[in-house]
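S.K.: Here the structure of chain A is known, so what remains is to put chain B in place on it, guided by the hints.
There are 2 protein chains.
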Amino acid sequence: MKLWTFLLLILSFILYPSTSSSSLFKHRFLRGESSSRKEIETEISYETKYFKQNLDHFSFKNDLPTFPQRYLINTDHWNHSSMGPIFFYCGNEGDILWFAQNSGFLWEIAPLFKAMLVFPEHRYYGESVPFGSKYEAYKNATTLSYLTSEQALADFALLITHLKRNYSALHSPVVLFGGSYGGMLAAWMRLKYPHIAVGALASSAPILQFEDIIPPQTFYDIVSNDFRRESLTCFNYIKQSWDEIASRGQTNDGLAQLTTTFKFCQQLKSSEDLSGWLSSAYSYLAMVNYPYPAEFMMPLPGHPIKEVCRRIDGGSHGTSILERIYEGVNVYYNYTGEAKCFELDDDPHGLSGWNWQACTEMVMPMSSSPESSMFPPYEFNYSSFEEECLEEFGVKPRPKWITTEFGGHNIHATLKNFGSNIIFSNGILDPWSGGSVLQNISESVVALVTEEGAHHIDLRASTKNDPSWLIEQRATEIKLIQGWISDHYQKNKVIFDM
Amino acid sequence: MKLWTFLLLILSFILYPSTSSSSLFKHRFLRGESSSRKEIETEISYETKYFKQNLDHFSFKNDLPTFPQRYLINTDHWNHSSMGPIFFYCGNEGDILWFAQNSGFLWEIAPLFKAMLVFPEHRYYGESVPFGSKYEAYKNATTLSYLTSEQALADFALLITHLKRNYSALHSPVVLFGGSYGGMLAAWMRLKYPHIAVGALASSAPILQFEDIIPPQTFYDIVSNDFRRESLTCFNYIKQSWDEIASRGQTNDGLAQLTTTFKFCQQLKSSEDLSGWLSSAYSYLAMVNYPYPAEFMMPLPGHPIKEVCRRIDGGSHGTSILERIYEGVNVYYNYTGEAKCFELDDDPHGLSGWNWQACTEMVMPMSSSPESSMFPPYEFNYSSFEEECLEEFGVKPRPKWITTEFGGHNIHATLKNFGSNIIFSNGILDPWSGGSVLQNISESVVALVTEEGAHHIDLRASTKNDPSWLIEQRATEIKLIQGWISDHYQKNKVIFDM
Numbered sequence: 000m001k002l003w004t005f006l007l008l009i010l011s012f013i014l015y016p017s018t019s020s021s022s023l024f025k026h027r028f029l030r031g032e033s034s035s036r037k038e039i040e041t042e043i044s045y046e047t048k049y050f051k052q053n054l055d056h057f058s059f060k061n062d063l064p065t066f067p068q069r070y071l072i073n074t075d076h077w078n079h080s081s082m083g084p085i086f087f088y089c090g091n092e093g094d095i096l097w098f099a100q101n102s103g104f105l106w107e108i109a110p111l112f113k114a115m116l117v118f119p120e121h122r123y124y125g126e127s128v129p130f131g132s133k134y135e136a137y138k139n140a141t142t143l144s145y146l147t148s149e150q151a152l153a154d155f156a157l158l159i160t161h162l163k164r165n166y167s168a169l170h171s172p173v174v175l176f177g178g179s180y181g182g183m184l185a186a187w188m189r190l191k192y193p194h195i196a197v198g199a200l201a202s203s204a205p206i207l208q209f210e211d212i213i214p215p216q217t218f219y220d221i222v223s224n225d226f227r228r229e230s231l232t233c234f235n236y237i238k239q240s241w242d243e244i245a246s247r248g249q250t251n252d253g254l255a256q257l258t259t260t261f262k263f264c265q266q267l268k269s270s271e272d273l274s275g276w277l278s279s280a281y282s283y284l285a286m287v288n289y290p291y292p293a294e295f296m297m298p299l300p301g302h303p304i305k306e307v308c309r310r311i312d313g314g315s316h317g318t319s320i321l322e323r324i325y326e327g328v329n330v331y332y333n334y335t336g337e338a339k340c341f342e343l344d345d346d347p348h349g350l351s352g353w354n355w356q357a358c359t360e361m362v363m364p365m366s367s368s369p370e371s372s373m374f375p376p377y378e379f380n381y382s383s384f385e386e387e388c389l390e391e392f393g394v395k396p397r398p399k400w401i402t403t404e405f406g407g408h409n410i411h412a413t414l415k416n417f418g419s420n421i422i423f424s425n426g427i428l429d430p431w432s433g434g435s436v437l438q439n440i441s442e443s444v445v446a447l448v449t450e451e452g453a454h455h456i457d458l459r460a461s462t463k464n465d466p467s468w469l470i471e472q473r474a475t476e477i478k479l480i481q482g483w484i485s486d487h488y489q490k491n492k493v494i495f496d497m
Numbered sequence: 000m001k002l003w004t005f006l007l008l009i010l011s012f013i014l015y016p017s018t019s020s021s022s023l024f025k026h027r028f029l030r031g032e033s034s035s036r037k038e039i040e041t042e043i044s045y046e047t048k049y050f051k052q053n054l055d056h057f058s059f060k061n062d063l064p065t066f067p068q069r070y071l072i073n074t075d076h077w078n079h080s081s082m083g084p085i086f087f088y089c090g091n092e093g094d095i096l097w098f099a100q101n102s103g104f105l106w107e108i109a110p111l112f113k114a115m116l117v118f119p120e121h122r123y124y125g126e127s128v129p130f131g132s133k134y135e136a137y138k139n140a141t142t143l144s145y146l147t148s149e150q151a152l153a154d155f156a157l158l159i160t161h162l163k164r165n166y167s168a169l170h171s172p173v174v175l176f177g178g179s180y181g182g183m184l185a186a187w188m189r190l191k192y193p194h195i196a197v198g199a200l201a202s203s204a205p206i207l208q209f210e211d212i213i214p215p216q217t218f219y220d221i222v223s224n225d226f227r228r229e230s231l232t233c234f235n236y237i238k239q240s241w242d243e244i245a246s247r248g249q250t251n252d253g254l255a256q257l258t259t260t261f262k263f264c265q266q267l268k269s270s271e272d273l274s275g276w277l278s279s280a281y282s283y284l285a286m287v288n289y290p291y292p293a294e295f296m297m298p299l300p301g302h303p304i305k306e307v308c309r310r311i312d313g314g315s316h317g318t319s320i321l322e323r324i325y326e327g328v329n330v331y332y333n334y335t336g337e338a339k340c341f342e343l344d345d346d347p348h349g350l351s352g353w354n355w356q357a358c359t360e361m362v363m364p365m366s367s368s369p370e371s372s373m374f375p376p377y378e379f380n381y382s383s384f385e386e387e388c389l390e391e392f393g394v395k396p397r398p399k400w401i402t403t404e405f406g407g408h409n410i411h412a413t414l415k416n417f418g419s420n421i422i423f424s425n426g427i428l429d430p431w432s433g434g435s436v437l438q439n440i441s442e443s444v445v446a447l448v449t450e451e452g453a454h455h456i457d458l459r460a461s462t463k464n465d466p467s468w469l470i471e472q473r474a475t476e477i478k479l480i481q482g483w484i485s486d487h488y489q490k491n492k493v494i495f496d497m
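Top to bottom, those sequences are chains A and B. To convert, note that position 258 of the first sequence is 257 in numbering that gives the first Met the number 0; the numbers rise steadily by one, no gaps. To convert, note that position 348 of the second sequence is 347 in numbering that gives the first Met the number 0; the numbers rise steadily by one, no gaps.
Just chain A, with the same shape it has in the complex (with noise of 0.2 Å):
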């Protein structure tokens, strides 16, 4: 496997903590069927319904199927003789079901809004499929040509509208909401549509991780800053672990040392399988950094890379590099420590949906500095990427297309007088906040930013072991959606009295 290639798969997948049935990071992702897992995910009880959406919305070709959008709705505590809002969730890149379960905030504070909530599924992904199944959708460029962003958006906006008719809600405020690609949807969504949102909490959007707008080498950078902050032996532990992986498995029987030592179930076919495998954990670890034990994407510590660090730092003198990177790695892949050998998913060229899409418009260009990153250094080649996307899904890649249709360079000065009622939250801690706005843009489009925080950790539910940072963090943002909505009763009081 090239080194781009891994790359791309680990950015691919950052932003897709799914249960994609063949990704190189399948097993990594699969959750929420062990029943200890399922304890802590937050109580939601909601309806399932189904909505017919066009397949595509920007032409009007006649022979093109619909296909049936699943959404999660609960109404137990709208009533629409109060016009209460309707908190819409953004549906990213996985099954809606997983993101409900771990968007515990909105639940919580349904109640006090008296909120309707409503959890769409992106397309292409969950159930949300059209053409039938899964493997039709995905079958080609052809029909998964209507994956993009900008129907996803569509779909929103007329679920939307449906069901303000379906309810009589036609003058109930609806609040967007969303983390990672969801937030990023969240946000555009507020841009494109102000007629159909008064507002969105966009959570971790990195929105400007397109084109040059940030230094490619931004999101390696903050992963490997936050090592670094923990410990620099850890940092250059992991530096030079590179290395060593791969001189060791150029070596006779090499991989089966390095099989044996990070006690993979199968015997490894190249050292960089390994190093993909590890710099996958590095990455997740930067993003649930979270200042709690969690299960975001796999049952960790509080502080995790605190934990991953002091392991690779314990051990005695003679301890060699690669035992101490299996300690540390073991706190993100096996901290419960049930696993007796680890799977690698040897197909890595297994169409998923966010593959489709970094190949198409959510094109991140990403490097990795000789210098600032712990990680192998690489730079990112344009070329090369069209090339691998022509060859995996006969696609050619629009670069430039996610800036032209939704903005990004000198967003600052683009919105100043434009646009309202937007959150961009971050945690500087996560490796995607470097992509997202990070300074107040205008009195309404605001940056809430933590030092502390991690990948959309105020989305999630409220845990005992909250910090102070947090819990204001919530309670700004909850102040910051009731404003909106009292100046959306505000505004259309007039037509609420006739």
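None of these hints come from the bench; they were simulated from the model. Honestly, I wouldn't trust all of these hints.
If chains are identical, the list can't say which one is meant, so a pair holds when it fits in one copy or spans any two.
[Stated by the list, open to error] DSS-like mimics (lysine-lysine), calculated; alpha carbons at most 25 Å apart, straight line:
#1 191 - 415
#2 478 - 415
#3 492 - 415
#4 399 - 191
#5 463 - 492
M.R.: Quick look at chain B alone, frame taken from chain A:
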């Protein structure tokens, strides 16, 4: 021809002053052939260029062809070192050359602003047709399916991005202009692509002419009022004429008599054809009821409705209603007196771009009220409309799509704190004004309304006969545009200074 079909065609073509080869009103729109007409067109000089566009911006099918989008460009007054603005006319449903020639305002103010002028052609019109020829592009619903406003806006966004790069004009502010449907595109573009353009002058843009936002009788009521304000008797003669025409059409030899009275070159096939021909003239007269002689659609005197009514009301005591009507309508169809007889195209179902757009996205419900309108009573019936579109194009309209995609309902509350820098200019005599924005929405989303103005008169070249209100209106527009541009330079100062 059913009455509703006739009305549909009227409505369709009112926004479509083009050289469509097969429309009911073809002969009425043909223009620019006689040298006498060319004389009053604005003197313009430009380069003609072509930009390769993807046929579908919102999906990634790789078997779709590209097409060359034509644009006219003039850089005489612009240079990139001063970061002069780019004035971008959002081409609408016709040949772009015609719009460029009839938008004298832009050519006149370009030197003042040191602006680049760009007139891009709307996809599927003029020379900018996909599939190699208009014949192929208009063949069926599949080939026509990419003729939508969203695709056209994306074309504009990509072209602007390309021009900025090619002319080293990254920091040049772009100002959008457009009249009628082009004005709708300009307003929508400013709302959807605020990162691409700093403001929009949307002249006579009926962005609210959809669904139930305004009463369906608005358009014909305004036309009727334009006649009534000149003369109540004139209004009444016209109102009475329809029954007269219908009953005459049913008598023996009635169609022959009507053919003679109205001097058609070929015999009428139905009295409804005559009614359509007359209704169309009245509607256009209301649109081009300019205070000075002009040739926007036909060569006409200043205040043409006054002249029409003078002739209808004139005549001796014994003059019949139909003779009066003939005298009146002659002002519209034959003011130069050159026509010996009139042609009536009998191919109302001919393919045309705007007809397709009206049958897909641009569903504008319009009725004629028995009480307030001088036209034959008519109630818009969506089912019949849909049926006819299915019959003509095999396509099912999406009548709620435009308001879902672009908004419209409750626009004042929606845009009060959202969006900026849009001028909605309207003349109250223009029947399209009823579907536009006639009150300020915010400090920078403003309405400029003139009591005596007609269809996008402000975009036309100045004349020595311009009334003072028109001179003032244009001065206000210039001042507002200057404000947008200085604001842009101010906000981007940090960047420029680097």
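S.K.: State for each hint whether it applies.
M.R.: A quick look at each hint next to the structure:
1. 191 - 415: both (16 Å within a copy, 15 Å between copies)
2. 478 - 415: Both: 22 Å inside a copy, 21 Å across copies.
3. 492 - 415: Close across copies (14 Å), not inside one copy (27 Å); limit 25 Å.
4. 399 - 191: Both: 18 Å inside a copy, 17 Å across copies.
5. 463 - 492: neither (40 Å within a copy, 48 Å between copies)
Of the numbered hints stated above, the single one contradicted by the structure is hint 5.
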